[in-house]
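**Student:** Here is what each chain is made of, one letter per residue.
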Amino acid sequence: QVQLQESGPGLVKPSETVSLTCTVSDGSISPYYCTWIRQPPGKGLEWIGYIHHTGSATYNPSLESRVTISIDTSKNQFSLKLSSVTAADTAVYYCARYRTSGSYSLDYWGQGTLVTVSS
Amino acid sequence: DIQMTQSPSSLSASVGDRVTITCRASQTISNYLNWYQQKPGKAPNLLIYVASTLQSGVPSRFSGSGSGTDFTLTISSLQPEDFASYYCQQTHNTPYTFGQGTKLEIK
Numbered sequence: 096q097v098q099l100q101e102s103g104p105g106l107v108k109p110s111e112t113v114s115l116t117c118t119v120s121d122g123s124i125s126p127y128y129c130t131w132i133r134q135p136p137g138k139g140l141e142w143i144g145y146i147h148h149t150g151s152a153t154y155n156p157s158l159e160s161r162v163t164i165s166i167d168t169s170k171n172q173f174s175l176k177l178s179s180v181t182a183a184d185t186a187v188y189y190c191a192r193y194r195t196s197g198s199y200s201l202d203y204w205g206q207g208t209l210v211t212v213s214s
Numbered sequence: 236d237i238q239m240t241q242s243p244s245s246l247s248a249s250v251g252d253r254v255t256i257t258c259r260a261s262q263t264i265s266n267y268l269n270w271y272q273q274k275p276g277k278a279p280n281l282l283i284y285v286a287s288t289l290q291s292g293v294p295s296r297f298s299g300s301g302s303g304t305d306f307t308l309t310i311s312s313l314q315p316e317d318f319a320s321y322y323c324q325q326t327h328n329t330p331y332t333f334g335q336g337t338k339l340e341i342k
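Chains as they are written, first to last, in my numbering: chain A, 96 to 214; chain B, 236 to 342.
Worth flagging that the hints you see were computed from the coordinates, not collected in a lab.
Remember, predicted model here, so these are calculated numbers, not experimental data.
Note that beta-carbon positions come from the ideal geometry of N, C-alpha and C, so glycine has one too.
Where hints are given, some of them may not hold.
Said to hold, decoys possible - Quick look at which bits of chain A chain B covers, simulated, 3 or more residues with Cβ under 8 angstroms: (1) 109-123; (2) 172-186.
Said to hold, decoys possible - Below, simulated DSS-like cross-link-like pairs (lysine-lysine); rule was C-alpha separation at most 27 angstroms, straight line: (3) Lys-338/B - Lys-274/B; (4) Lys-277/B - Lys-138/A; (5) Lys-170/A - Lys-338/B.
Said to hold, decoys possible - Beyond 12 angstroms from chain B on every Cβ pair, some chain A residues (computed): (6) Pro-126; (7) Asn-155; (8) Pro-156; (9) Ser-160; (10) Asp-167; (11) Ser-169; (12) Ala-191; (13) Thr-211.
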């Protein structure tokens with residue numbers, strides 16, 4: 096059973112950069128698209144972007160100027176960096192696996208990690 | 236971006252009821268439409284992909300239909316564990332946008 100686990104700081108100061116890592120176990124991250132999604136408290140889901148195992152990444156234009164997603168296939172990990180954070184970036188951040196072969200859906204998700212932006 | 240609009244935003248129903256949630260895309264997305272269930276404090280869980288295919292392990296009381304711009308999720312006979320929030324998502328074009336969600340509550 097594939098498992099994903101997010102890790103990173105729970106509290107970040109405004110204007111700083113938050114870095115999160117997703118570790119995938121019991122399954123390779125190749126050849127899937129490794130995805131980040133976030134959900135502000137009490138609100139809906141927002142797709143942040145994804146990266147392929149080849150290193151090709153696609154971002155949500157609304158966040159593109161502040162987001163970088165990277166991947167380390169040797170460690171079965173992928174990461175999210177979000178810069179210049181504000182209170183509006185407070186959310187639960189999920190990593191998920193996007194499967195393209197006939198599914199085109201997010202079939203496995205991490206449990207999520209809450210990132211709070213506050214001084 | 237493709238806008239996804241779900242209706243209703245909230246719904247009260249009873250155990251045993253048949254429930255339908257709709258999702259409309261702002262442009263055609265073929266059948267690249269997925270449905271997720273989310274319970275409080277938990278990650279979303281994939282129910283249906285490519286509009287009508289049931290994810291492995293999902294009860295058969297869940298079904299999906301539609302293509303183009305209009306889609307529906309139907310629960311044929313509500314069970315207590317089905318009271319949750321439901322989200323549609325299009326994966327036709329990036330960014331892969333979600334609907335705003337439908338909260339299904341016990342009447």
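**Student:** Now look at each hint and say whether the structure bears it out.
**Tutor:** Tested hints:
1. 109-123: Not satisfied, violated; 0 residues make the cut.
2. 172-186: Contact hint for the segment 172-186 of chain A vs chain B: violated, 0 residues under 8 angstroms.
3. Lys-338/B - Lys-274/B: holds (10 angstroms)
4. Lys-277/B - Lys-138/A: holds (14 angstroms)
5. Lys-170/A - Lys-338/B: At roughly 38 angstroms apart (the allowed maximum being 27 angstroms), Lys-338/B and Lys-170/A break the hint.
6. Pro-126: Per Cβ check, Pro-126/A is outside 12 angstroms of chain B; nearest 16 angstroms; holds.
7. Asn-155: violated (4 angstroms)
8. Pro-156: violated (7 angstroms)
9. Ser-160: About 14 angstroms separates Ser-160/A from the closest Cβ of chain B, which puts it past 12 angstroms; holds.
10. Asp-167: Nearest chain B Cβ is 22 angstroms from Asp-167/A, so the label holds.
11. Ser-169: holds (26 angstroms)
12. Ala-191: violated (8 angstroms)
13. Thr-211: holds (16 angstroms)
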